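Asker: Chain residues, written in single-letter form:
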Amino acid sequence: MRSINYIIAIGFVFVSCEILEPVYDNTLDLDNNSPPALLFTPETSTTTLGGSAAVMLYALEVENIAGVRARIQYDAAKLIVSTVSAGSFFTGSQAPVFIYDDNGSGILDIYSFYMGSDRIKTGTGDIALIVFSTKLPGNASIELTTESELLDENGKLIPIQSYGTGVISAQ
Amino acid sequence: MQSNLIQDLQKIRIAFQSLLLVFISSVTLFAQEGAPSVAVLDFDAKGIPDYEAETLTERLRSEIANTKAFRITDRKLLDKIINEQALQQSGCTTDECAAEVGQLLGAQYMISGSIGKLGETYTIDVKLVSVTTGAAERTKTASYKGPIAGLITEMEILAWEISGLQAPQSLLMKQSGGDKAGKITVAVLDFSPRGISSLEAQTLTDRFATEINKTDRAILVDRNVVNEVMQEQGYTQAECSSEECAAEVGAMLGVQFMISGAIGKLGETYTIDAKMFEVATGAAEKTINTTYSGQVDGLITEIEILAWEMMGLKPPNSLLRKRKGGAGQIGSGPKGKSRFGALIRSTIIPGWGQLYSDRSLSAWSFLGGELALLGLGYMSYTSYQTAYDDVDNFYAQYQAATNPNDIRMFKEKSMAAEDQMNSSNDQLTMMFQAAAAVHLANMVHAFVLGPKNSATASKSQFQLGYDPNINQPQLRFTIALD
Numbered sequence: 001m002r003s004i005n006y007i008i009a010i011g012f013v014f015v016s017c018e019i020l021e022p023v024y025d026n027t028l029d030l031d032n033n034s035p036p037a038l039l040f041t042p043e044t045s046t047t048t049l050g051g052s053a054a055v056m057l058y059a060l061e062v063e064n065i066a067g068v069r070a071r072i073q074y075d076a077a078k079l080i081v082s083t084v085s086a087g088s089f090f091t092g093s094q095a096p097v098f099i100y101d102d103n104g105s106g107i108l109d110i111y112s113f114y115m116g117s118d119r120i121k122t123g124t125g126d127i128a129l130i131v132f133s134t135k136l137p138g139n140a141s142i143e144l145t146t147e148s149e150l151l152d153e154n155g156k157l158i159p160i161q162s163y164g165t166g167v168i169s170a171q
Numbered sequence: 001m002q003s004n005l006i007q008d009l010q011k012i013r014i015a016f017q018s019l020l021l022v023f024i025s026s027v028t029l030f031a032q033e034g035a036p037s038v039a040v041l042d043f044d045a046k047g048i049p050d051y052e053a054e055t056l057t058e059r060l061r062s063e064i065a066n067t068k069a070f071r072i073t074d075r076k077l078l079d080k081i082i083n084e085q086a087l088q089q090s091g092c093t094t095d096e097c098a099a100e101v102g103q104l105l106g107a108q109y110m111i112s113g114s115i116g117k118l119g120e121t122y123t124i125d126v127k128l129v130s131v132t133t134g135a136a137e138r139t140k141t142a143s144y145k146g147p148i149a150g151l152i153t154e155m156e157i158l159a160w161e162i163s164g165l166q167a168p169q170s171l172l173m174k175q176s177g178g179d180k181a182g183k184i185t186v187a188v189l190d191f192s193p194r195g196i197s198s199l200e201a202q203t204l205t206d207r208f209a210t211e212i213n214k215t216d217r218a219i220l221v222d223r224n225v226v227n228e229v230m231q232e233q234g235y236t237q238a239e240c241s242s243e244e245c246a247a248e249v250g251a252m253l254g255v256q257f258m259i260s261g262a263i264g265k266l267g268e269t270y271t272i273d274a275k276m277f278e279v280a281t282g283a284a285e286k287t288i289n290t291t292y293s294g295q296v297d298g299l300i301t302e303i304e305i306l307a308w309e310m311m312g313l314k315p316p317n318s319l320l321r322k323r324k325g326g327a328g329q330i331g332s333g334p335k336g337k338s339r340f341g342a343l344i345r346s347t348i349i350p351g352w353g354q355l356y357s358d359r360s361l362s363a364w365s366f367l368g369g370e371l372a373l374l375g376l377g378y379m380s381y382t383s384y385q386t387a388y389d390d391v392d393n394f395y396a397q398y399q400a401a402t403n404p405n406d407i408r409m410f411k412e413k414s415m416a417a418e419d420q421m422n423s424s425n426d427q428l429t430m431m432f433q434a435a436a437a438v439h440l441a442n443m444v445h446a447f448v449l450g451p452k453n454s455a456t457a458s459k460s461q462f463q464l465g466y467d468p469n470i471n472q473p474q475l476r477f478t479i480a481l482d
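These protein sequence lines are chains A and B, in that order.
Just so it is clear: in the first sequence, position 104 is 104 by our numbering, and no numbers are missing.
Just so it is clear: in the second sequence, position 201 is 201 by our numbering, and no numbers are missing.
Treat each hint with caution, since some may be false.
Within a straight-line C-alpha distance of at most 20 Å, the following computed EDC-like cross-link-like pairs (lysine to aspartate or glutamate) qualify [what the hints assert, rightly or not]:
(1) B:Lys275 / B:Glu244
(2) B:Lys76 / B:Glu54
(3) B:Lys413 / A:Asp25
(4) B:Lys413 / A:Asp31
In case anyone wonders, no lab produced these hints; they're calculated from the structure.
As the structure is a computational prediction, the values presented were derived from the model and not from experiment.
Can you make the complete structure from the sequences, with help from the hints?
Answerer: The structure is reproduced here in C-alpha cells:
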C-alpha cells in the first residue's frame, strides 16, 4: 500500500507533456544565410545506391541581376550528373539562356541569363534543377565554389555573401 | 374410673412424647436458629398414586430445608402425631386440621397441598398455614405437562416459592429444559477495571455476556440473579474477584462454570484477561488473553470476539472484519474507524478520509482545492495542446516555404506557438505538482489526525451503563469541553 502511495505521488510530480523543439534550418531562411547568396535546397538528400537525388540551385534575395554563373564542385567518385534543367527565376516573356557544362571530373558549370524586357531580376528563386545519380554508397558533398558569379545588366560582378553546400547520401 | 385413669395416663404419655420429640427436633435444627418451624403434610393425591404424592412431598420437604427459610419438623414426629390423632396426613386438608396438628407438633407453620392430574397435565396446589392464626399465609400453584418425573423439579421450585424466595437459577433452567440441549450453565462476573472506569468495564462485561448468549453454547445466568446471590452472601461484584468467591457464588447459583476477568489499560494499549473455571472442581477450564491498541470503542469488538473464543468457537466473520477495520454488517453496531482507514480513503479520493473521520470542513477544503488545481491543470493542458498543434503546423509550413518572407512569417508564428506551448506545459506541470502536494497533505492530514473520538463527538454523547452501587442502569451524558 505504501508503494502505491509513492507511485501516485511521483506520478503527479512528473506529469508533463511532450515538448516540440523545432530546428529552424530552412536554407532560404535569411537568419541562416546572408543575402545575396547562391544555395542548394534541400541541403541534404538521401537516396538508394544507384538512385537519383534532385537538388535545386537557388538565388537568395538578389537585386538587379541579369545573369549567373554557378560553379558546383561535386564528388565525382560517388556522383554522376544526370540532368540539369532551367529553373523558374529567370523565366519571363522569353525563355532564359541556360547552358551547363559537366566535365565528368567533379565540376559542373551552369550559366543562365535573363532575357526579359527589363533585363534584370530581383528577389529569390530557383535557377536550376540538378539531378544526381549515385555510384557508390556513402555521403557525397556538393558545394558552390567562390568562382560562382552574379552579374548585373552591365556585366559587373555582384558580391555573393553565402555559398551553399549540400550532401547526397546513398544507402 | 380405671378406664379414665388409663386415658389420662395415655394423654400424658402422648404429651410427654410430643414434648420429647419437639425437644429433639429443636436441638437438631439448632443450626437454623431464628427460622420459623414448619411441618409439611403429605399432599393429597388426586389422580396419581399415593406413593407418588408422598415421594413428591418428601422432595418438597428436602428443598424447604435447603432454603433455610424454615426449620422442618421431623416427619417421624409428624407421622406419630397424625397416627395418635387417628388422622391420615392426606386427609388433613383443611386449615383447621393443619393448625391443630401444628399446635400438637409445636410448629409455627404447616404446609399442605394437593397434586392432581387432568388429562396429561399435572396441577400442584400448596398452602402455608399459620398455626397461630389458622389462616393461610401463602398459596402457590403450578401446572406441568410432561412425564411425572418432571414434577420433582416443580416441587423443588414450589418449595422456594412457598418459602417466599425466588427459586435458584439452576432449578429454573432445569425447568426450562436448558440442560437437555447440551449447553453449559455459566455466570459472568463483572470484569475488574484496571485503568478504565468501572462503568466501562461493566458495559464491556455486558457486551461479553450478550455475546456469550449469541454463541448458543451456554445458558447464562441473569446478571440480576448473580447480584442478588452475591448480596445475600455479603459481597459486591468488586469484592468478589477471587476464584474462591467466584466458586462460592457459582455454587450458590448452581452453575457449572464461572467466568471472571480483568480489563486493563497501559498507555494506549488495553489488555483483556478472562478465565472460565469449573465451579465443582475450581479448575481453570479456559484462559484467554488479548491485547488491543486504539480507541476504547474498539474494545467492544475485541470482547465480543473473546466471548466466542471462550466458548471454543470461531468468531463470526463480521466480527473479524470489524476488528480489521473493514466494513461490518450494516446495523450490527458501530463500525471501528481507524487512521489507516482514513488514509486509504484519502489516498483514493482527497477529502474522503476526512469525511470518514467526521472532519467535513477539511474534507471539502481538500477536495475543492485539488479539484480547482486539477481544473486549472486541464485548462493548461488544452492550451498546451493548441499550441503544440500550431507549432507542428507552422513549422511544417516553414520548412516547405521558399519565399524568405513566408519563411520568416511561419518561423515567427511557429516560435510564438512554441513559447505558448512551453508556458502551458510549465503551468500544467506546476498545477499537477500543486495538486500532488495537496493530495499528499490530504493523506498526511487524514492519517495524523485520524477519526474524531466517536465517544465524544460523532456518536451519541449518551452512554448506558450499570451502576452496581445503586443496582440500577445508569445514563451518562458527556460534553466535550475542548
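Asker: Each hint: holds or not?
Answerer: Each hint, compared with the structure:
Annotation: proposed proximity of B:Lys275 to B:Glu244 holds, straight-line Cα distance about 13 Å (limit 20 Å). Between the alpha carbons of B:Lys76 and B:Glu54 the distance comes to roughly 14 Å, so the proposed pair stays at or under 20 Å and holds. Between the alpha carbons of B:Lys413 and A:Asp25 the distance comes to roughly 15 Å, so the proposed pair stays at or under 20 Å and holds. About 15 Å separates the Cα atoms of B:Lys413 and A:Asp31, which keeps this hinted pair within 20 Å; it holds.
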